[in-house]
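Following the hints, put chains R, B and L in place on chain U, whose structure we already have.
There are 4 protein chains.
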Amino acid sequence: MIEAPALDVAQWFNTSQALALSELRGKVVVLHAFQMLCPGCVLHGIPQMQRVHAQFDGDDVAVIGLHTVFEHHDVMGPAALKVFIDENRLAFPIGVDQPDGHGGPPRTMRQYGMRGTPTLILIDRQGALRFQQLGQVDDLAVGALIGQLLAEAPR
Amino acid sequence: MIEAPALDVAQWFNTSQALALSELRGKVVVLHAFQMLCPGCVLHGIPQMQRVHAQFDGDDVAVIGLHTVFEHHDVMGPAALKVFIDENRLAFPIGVDQPDGHGGPPRTMRQYGMRGTPTLILIDRQGALRFQQLGQVDDLAVGALIGQLLAEAPR
Amino acid sequence: MIEAPALDVAQWFNTSQALALSELRGKVVVLHAFQMLCPGCVLHGIPQMQRVHAQFDGDDVAVIGLHTVFEHHDVMGPAALKVFIDENRLAFPIGVDQPDGHGGPPRTMRQYGMRGTPTLILIDRQGALRFQQLGQVDDLAVGALIGQLLAEAPR
Amino acid sequence: MIEAPALDVAQWFNTSQALALSELRGKVVVLHAFQMLCPGCVLHGIPQMQRVHAQFDGDDVAVIGLHTVFEHHDVMGPAALKVFIDENRLAFPIGVDQPDGHGGPPRTMRQYGMRGTPTLILIDRQGALRFQQLGQVDDLAVGALIGQLLAEAPR
Numbered sequence: 001m002i003e004a005p006a007l008d009v010a011q012w013f014n015t016s017q018a019l020a021l022s023e024l025r026g027k028v029v030v031l032h033a034f035q036m037l038c039p040g041c042v043l044h045g046i047p048q049m050q051r052v053h054a055q056f057d058g059d060d061v062a063v064i065g066l067h068t069v070f071e072h073h074d075v076m077g078p079a080a081l082k083v084f085i086d087e088n089r090l091a092f093p094i095g096v097d098q099p100d101g102h103g104g105p106p107r108t109m110r111q112y113g114m115r116g117t118p119t120l121i122l123i124d125r126q127g128a129l130r131f132q133q134l135g136q137v138d139d140l141a142v143g144a145l146i147g148q149l150l151a152e153a154p155r
Numbered sequence: 001m002i003e004a005p006a007l008d009v010a011q012w013f014n015t016s017q018a019l020a021l022s023e024l025r026g027k028v029v030v031l032h033a034f035q036m037l038c039p040g041c042v043l044h045g046i047p048q049m050q051r052v053h054a055q056f057d058g059d060d061v062a063v064i065g066l067h068t069v070f071e072h073h074d075v076m077g078p079a080a081l082k083v084f085i086d087e088n089r090l091a092f093p094i095g096v097d098q099p100d101g102h103g104g105p106p107r108t109m110r111q112y113g114m115r116g117t118p119t120l121i122l123i124d125r126q127g128a129l130r131f132q133q134l135g136q137v138d139d140l141a142v143g144a145l146i147g148q149l150l151a152e153a154p155r
Numbered sequence: 001m002i003e004a005p006a007l008d009v010a011q012w013f014n015t016s017q018a019l020a021l022s023e024l025r026g027k028v029v030v031l032h033a034f035q036m037l038c039p040g041c042v043l044h045g046i047p048q049m050q051r052v053h054a055q056f057d058g059d060d061v062a063v064i065g066l067h068t069v070f071e072h073h074d075v076m077g078p079a080a081l082k083v084f085i086d087e088n089r090l091a092f093p094i095g096v097d098q099p100d101g102h103g104g105p106p107r108t109m110r111q112y113g114m115r116g117t118p119t120l121i122l123i124d125r126q127g128a129l130r131f132q133q134l135g136q137v138d139d140l141a142v143g144a145l146i147g148q149l150l151a152e153a154p155r
Numbered sequence: 001m002i003e004a005p006a007l008d009v010a011q012w013f014n015t016s017q018a019l020a021l022s023e024l025r026g027k028v029v030v031l032h033a034f035q036m037l038c039p040g041c042v043l044h045g046i047p048q049m050q051r052v053h054a055q056f057d058g059d060d061v062a063v064i065g066l067h068t069v070f071e072h073h074d075v076m077g078p079a080a081l082k083v084f085i086d087e088n089r090l091a092f093p094i095g096v097d098q099p100d101g102h103g104g105p106p107r108t109m110r111q112y113g114m115r116g117t118p119t120l121i122l123i124d125r126q127g128a129l130r131f132q133q134l135g136q137v138d139d140l141a142v143g144a145l146i147g148q149l150l151a152e153a154p155r
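Residue numbers (full-length UniProt numbering), protein chains in the order written: chain U, 1 to 155; chain R, 1 to 155; chain B, 1 to 155; chain L, 1 to 155.
It cannot be assumed that every hint is accurate.
Claimed, not checked - Once the Cα atoms are required to be at most 25 Å apart in a straight line, the calculated DMTMM-like pairs of lysine to aspartate or glutamate come out as:
# : chain 1 : residue 1 : chain 2 : residue 2
1 : R       : K82       : B       : E87
2 : U       : K82       : L       : D57
3 : U       : K82       : L       : E23
4 : B       : K82       : B       : D8
Quick caveat, the hints were computed from the structure, so don't treat them as lab data.
Chain U with its partners taken away, still in its complex shape (with noise of 0.2 Å):
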């Protein structure tokens, strides 16, 4: 079991208290990296985390989306990013990638390895890293690889 790495996050919304993966146990979580201006996040990715929002149960499904800005920071910060959510209206967290304070990759970005944006993390109920892709997925292998991992028992 490779355990998903902890989200190293600057600010969150759309939740009271910050998240911790630690704390999701027993979940299956969706994390979507993404970047507000990154039009394959915004045309699929982030549609897509809004019917996974709304069709499963948050009891076993938690949606988390992390804003990995790793260029153009200047008109991707949080700010901005508040506007996006709200005219989005976007319910599910979302958490700012924590900055590396030189400009590059944020810090989770770096810790999960990822390439760019839309990246698609799955993690299961024990909290193990077991999907990780870039680009789009299509909906019917996002569902299938919920559904399988929704059907592991928790531990």
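What follows is chains R, B and L alone, placed relative to chain U:
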């Protein structure tokens, strides 16, 4: 466990031998009951089954079409179905549900208590009927259902 | 000006009387040649014609379907077509292209030199053939073509 | 004839020189007023403008984007817009509507009496304002509008 009723099929397409659910133990069976002139089947259900067939390994998931003609029998006979299959380049096995001989719903349709088309049915690796729904089911939900059944160990 | 050849139709649906292009002078005619078991027709062309029919005023634009069966005649006869029309709730007039009596392309199809289905044909307010294309034409292009012909003054 | 008000633009992208409607006489102008963080613009309007730009000859149809920021000014400035344009590979000219200096709707937006974004505006070959609509307009309707204006002879 509710064992899925046997398929009562008058004629098969896209398979060299008749299929029996009892011989598909160990696989998840995705059964799509349709009529070739039912718009919901043609515009949604059949394309979805093509995606399911392309997405999953045939060793794990068996996609089967079942032509459950319960109306307009004269224009949806086997010869017409064959043209439909060929023109749409459907590659998965398709069976003609056994007519009841009196122009009513055919026998498998009746056994399952289906109320119309399209109807999506999922049968687990042990042959149990696990899901049956009339109408459109979106890809995310279909994927999740298949994924959950795939995760269950064969007997 | 190339006058559009007359429609040679064996049987009409969705109209109380036979339609003749000569009586449609003053309107833009959108003629959609299709076969009820041609996937490109069913999945793209027919839904597009429904949109065209809904979009434009019937006093300006006449949408006509033409069932140009050139293969599999036995399963695409008028009885099957009637079920297709009813099930898809098509509301525009649809004519059965006159069979040639020898199992080849029907007469109107031959007159226009159509090479397959779907074929989209546009006829202007004066009865001139202005556009004919095999295959899918996207909505923007279809709209522009209709718009251009609408702008031309009736004779 | 209602002459289309002049564009009051603070900064242009994708054009080496400022555009003026008065210099576009002879062309049909498709003006798309948007905000880069307006979901209806990003998911519908902008992709539609890309299709319009690809469909029509630039000698006949001028597609122009107008960034009419009337809210959240701080996160939709020209630097952010430039990233949006680059990431989405938008190739048509886009102007930043002139701010009113008080955080309200910008000047061109106000001149046209636009009530929000996206707003689609069509200007004919003679410079007359012929169509203005807030919200989504489908491709068939947009095509028809453009087609009708294209058919009108330049003065």
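Against the structure shown, which of the earlier numbered hints fail to hold, in ascending order?
2, 3
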